[in-house]
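Residues per chain, in single letters:
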Amino acid sequence: MNSRTLKLAALLLLPACVSAAGQEETLAVLASGSGVYQDTFAAFRTAYGRDVRLQDISAGKPKPGPETRTVVAFGGKAAIGDYPPGLNIVYCLSPGIFLKNPARQGQTIKIAMLPAFDEVFYRLKLIQPGLKRLKAFWMVPDFIGYRDRFIAEGAAFGIEVSAVKVATAEALPELLRKNLAEMDAFWVPPDPLLLTPENILILKEFSWGNDIPFYASNRGITREGATASVGVSFNAIGIAAAKAAAGLAAGEKLPTILFPDSVELTLNAAAAKNCGLTFPKEILNDAEQIFP
Amino acid sequence: MGARLYAAEGASDEAAFFSLERSTLEDILNTKTSVSTLNAVPLRETPGLVTLITREEIQSSGARNLIDVLNAVPELEFGADGWGNVGLAVRGNWANEGKVLLLWDGQVYNEPLYTNIQFDRFPVDQIEQIEVIKGPGSVIYGGYAELAVINIKTRSPENLNGSEAYAAYGQGRAKARAYAGYSFGKVLDGGTEVSAKAFWGEVQRSDRRYTDLNGASYNMNGASYMRPKSLNLYAEKKGLSLRFILDDYFLREADGYGDVLSSGTERLSFNMTSAEAKYNWQVSETLRLEPRVNYSGGKPWEENNQYDAYDKYTRRYTGALTAFYEPGPKTCFVAGGEYYRDSVRIGTEGNPYYLYADGSNDARYNNLAFFGQGTFDLFALKLTAGGRYDKHSGQDASFVPRLAVTRLWDRFSLKAIYSKSFREPSIENMRVNPGIKPEKTTSAEFEAGYKAYESLFLSGNVFQTEITDPILYYSDPLLETYNNYDRTGTTGFGLGAKFKNKACHAELNYVYYAARGNRVDSYSVPGHGSSLLGVPKHKLTFNASIPSGSGLSVNPSAIYVSRRYGYAAPGGIKAFNDMVIANVNLQLKDRPVKHLTLNLGVRDIFKSGYSYLQAYTGGHAPLPAPSRELFAKASYEF
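Keeping their order, the protein sequence lines are chains A and B. Under my numbering, think of the first position of the first sequence as 993, with each following residue one higher. Under my numbering, think of the first position of the second sequence as -17, with each following residue one higher.
In short, the hints are calculated from the structure, not lab data. Note that this is a predicted model, so its numbers are computed, not measured. A couple of the hints might just be wrong.
[To be verified] Partial selection, computed: residues in chain B whose CB lies under 8 Å from chain A: (1) Glu(-4); (2) Ala(-2); (3) Phe(-1); (4) Phe0; (5) Gln264; (6) Glu267; (7) Thr268; (8) Glu308; (9) Asp572.
[Unchecked claim] Simulated DEER-style distance windows between Cβ atoms: (10) A:Ala1034 x B:Ser266: 17 to 27 Å; (11) A:Thr1248 x B:Leu34: 36 to 46 Å; (12) A:Gly1201 x B:Ala496: 55 to 65 Å; (13) B:Thr36 x A:Ala1148: 43 to 53 Å.
By construction, the Cβ of each residue, glycine as well, lies at the ideal position given by its N, Cα and C atoms.
The whole structure should be built from the sequences, with the hints applied where relevant.
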């Protein structure tokens, strides 16, 4: 290799050899550098308004620097990283995870994948004014953290909510049949264990076949046949994470769960028709998306 | 602790759950690709004109093989080469032999002797995603990526999350194909990812009659079968990934260089083994290093019969290091170096005619390359600038730069790309012509896209490709050689419309190209200066998927090619009329059993009589494609 080749190689490799400089106090850790994780991070970065360090956990173990004060984790794999106990952790897009570690000195804040529960029940009542008995089917342990608050908020809207734990996927059809006479509708949280393609099909066919409205928390489930979903957008989750990170940077003491501010309502007209529901105009105007 | 346990077990559940949220047109447009830059960039901002083909699209279309899939990209057109192989033309330019790079799970599938790709060998049912750069890719990928890059990723362990078994059968005038495969993938406790994919097939190249330029013919029905077999193993833990591929493929043919072989069919095999170790090393929050070592070996074009004894072992050892440096969210540098060493040795059955310099039985070459690229936001534009330098021991050095500007507004996107690229002469090119030079291409591309509605995306592009010193095969009865010729190229434009609403999708794409400055007689069509041999000037492709309830979808597709010109007699070029190849596939999912997918389709419904034309003066007559075929496939995931 001649000297000209060496010089050219050195020139081309120079940018990669520059050492990291200007470290930030906030580190963003993504479970994957693509898909919803990247999109939510983009919303976070815009709302946060300043540069943050970014690490993709699929490319290696996250390594907070000595200047890092807060880790914002996007996705379950990122949330369960082995972070120093003194760091604050804000975690989102982790629908099945609720971090509990009393030994940590830093604050641990979960960004929920749901809007505040009064927003949920307010809309369910508008969609189905006669709703009195609602069954909530769930599988992920994370739901226990919400359960009592969800039931209490339902009661405030005159809805008797009961939570039904689905132990295994095989048990779901029997549980649905068993509870048929005791519900006006059923609801599912953003539950990755429960909401597999086959279970969504079971829930949809049960709903459509028995005229029982099926309410969910995600747009995609509504597209697959749920009557409606009251959820939050990934953009809103990113913004909520940014607010939390900014609050922590300002030294605020935050609650362990934060709910994004805005609501994303999605309707499925075919599903409503099958359940004998007619969406009121107010709800139709409020919907972000209506599947035909 | 409970939360941690769940996360380890439920990582794939989370990914599947979020995948439900990403099936709108906007999601597809926002899909990130690293094929043009190595770092992930959204499709509308990546510095290349990239077509993304998803598993869903491949499966719903009822594609039987990679040729069916790639034919739906109008910039690509297949043509006949010799010895039973077909090759690609890209935007009208014949691009066989080392001008298109094909990566299968990151492994180079251009065999090193002539740098051809055997497009019939790939198990299409293993594919998760295909990215096609329809323009130069040498800045990142070097000397096989002069005119296009086809980057194919098979299903990941996370995506498989269990097993899939599939089997297919096709019936034309006789049995056209039968193949089967099994794939397994899992994310184990502790985060280790493993996958294993096995495939076996027996396929007939065509059920029609091949007639050579002198009028001799043979019936390919029953005398042109291929047998691909492969095993693909993968494991990854904590950033260290290992891959091993064993690929055994052979075909039988009787059309050789073009004249029908007088004593029946002969067998050619293309065995290949590759192994790779790669490590993702996150050095700091801003710096990531990716060292890689790779081995690839095989015996491409192996034959031993009364016509020829071609028996050569090839080996390639590659070592590479790539650095990714991201000092801020809007700035990224990628730089690296790559060294490979090629060797070839004539086996015991080798023909002395194929000896290397000074009568040697073997030859060795090496190549050292450095590349660098920066991406910056500049005045609301995303600017990508980079270059690659290659120094090969057997040929002149090459330096290729690229400058690209992209911009994405809410609904509107723009790309302008200027790039140079090169084709590295292959081992056998250098054997027959030690003075051969790399072929060079200069390309300018411009693309605009507009999301007219939430479910409709429109795009248009113009391009110009200028190739200097094109390398071309030349043969007379006593001599085969490769020479550099003067120059050739094309100019043209493309239009596209993509519609997606719920599970319904449709796509219509059109490309026009015309010869520009062609001074290579072997590509010319006398009296039609704007045409090039073997390729249509207009190509229109359509595909759609229409759900019709209860898990059933109807998936029509069609390809229109305008008039083409090809040899039909010695020295006699004939016009082949325009034609439409129409297909339909019915797909039934999760019925009558969950996780079962059934496909039943008809390929080439109207028996178009399509043949692959040779795009240069090489002595090969039109090679008949398979005729109408009833195709059925079943797959089950568990």
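Comparing the hints with the structure gives:
no.: 1; hint: Glu(-4); in the structure: 5 Å, holds
no.: 2; hint: Ala(-2); in the structure: 7 Å, holds
no.: 3; hint: Phe(-1); in the structure: 4 Å, holds
no.: 4; hint: Phe0; in the structure: 5 Å, holds
no.: 5; hint: Gln264; in the structure: 3 Å, holds
no.: 6; hint: Glu267; in the structure: 4 Å, holds
no.: 7; hint: Thr268; in the structure: 4 Å, holds
no.: 8; hint: Glu308; in the structure: 7 Å, holds
no.: 9; hint: Asp572; in the structure: 7 Å, holds
no.: 10; hint: A:Ala1034 x B:Ser266: 17 to 27 Å; in the structure: 22 Å, holds
no.: 11; hint: A:Thr1248 x B:Leu34: 36 to 46 Å; in the structure: 40 Å, holds
no.: 12; hint: A:Gly1201 x B:Ala496: 55 to 65 Å; in the structure: 59 Å, holds
no.: 13; hint: B:Thr36 x A:Ala1148: 43 to 53 Å; in the structure: 45 Å, holds
In summary, the structure agrees with every hint in the numbered list given earlier.
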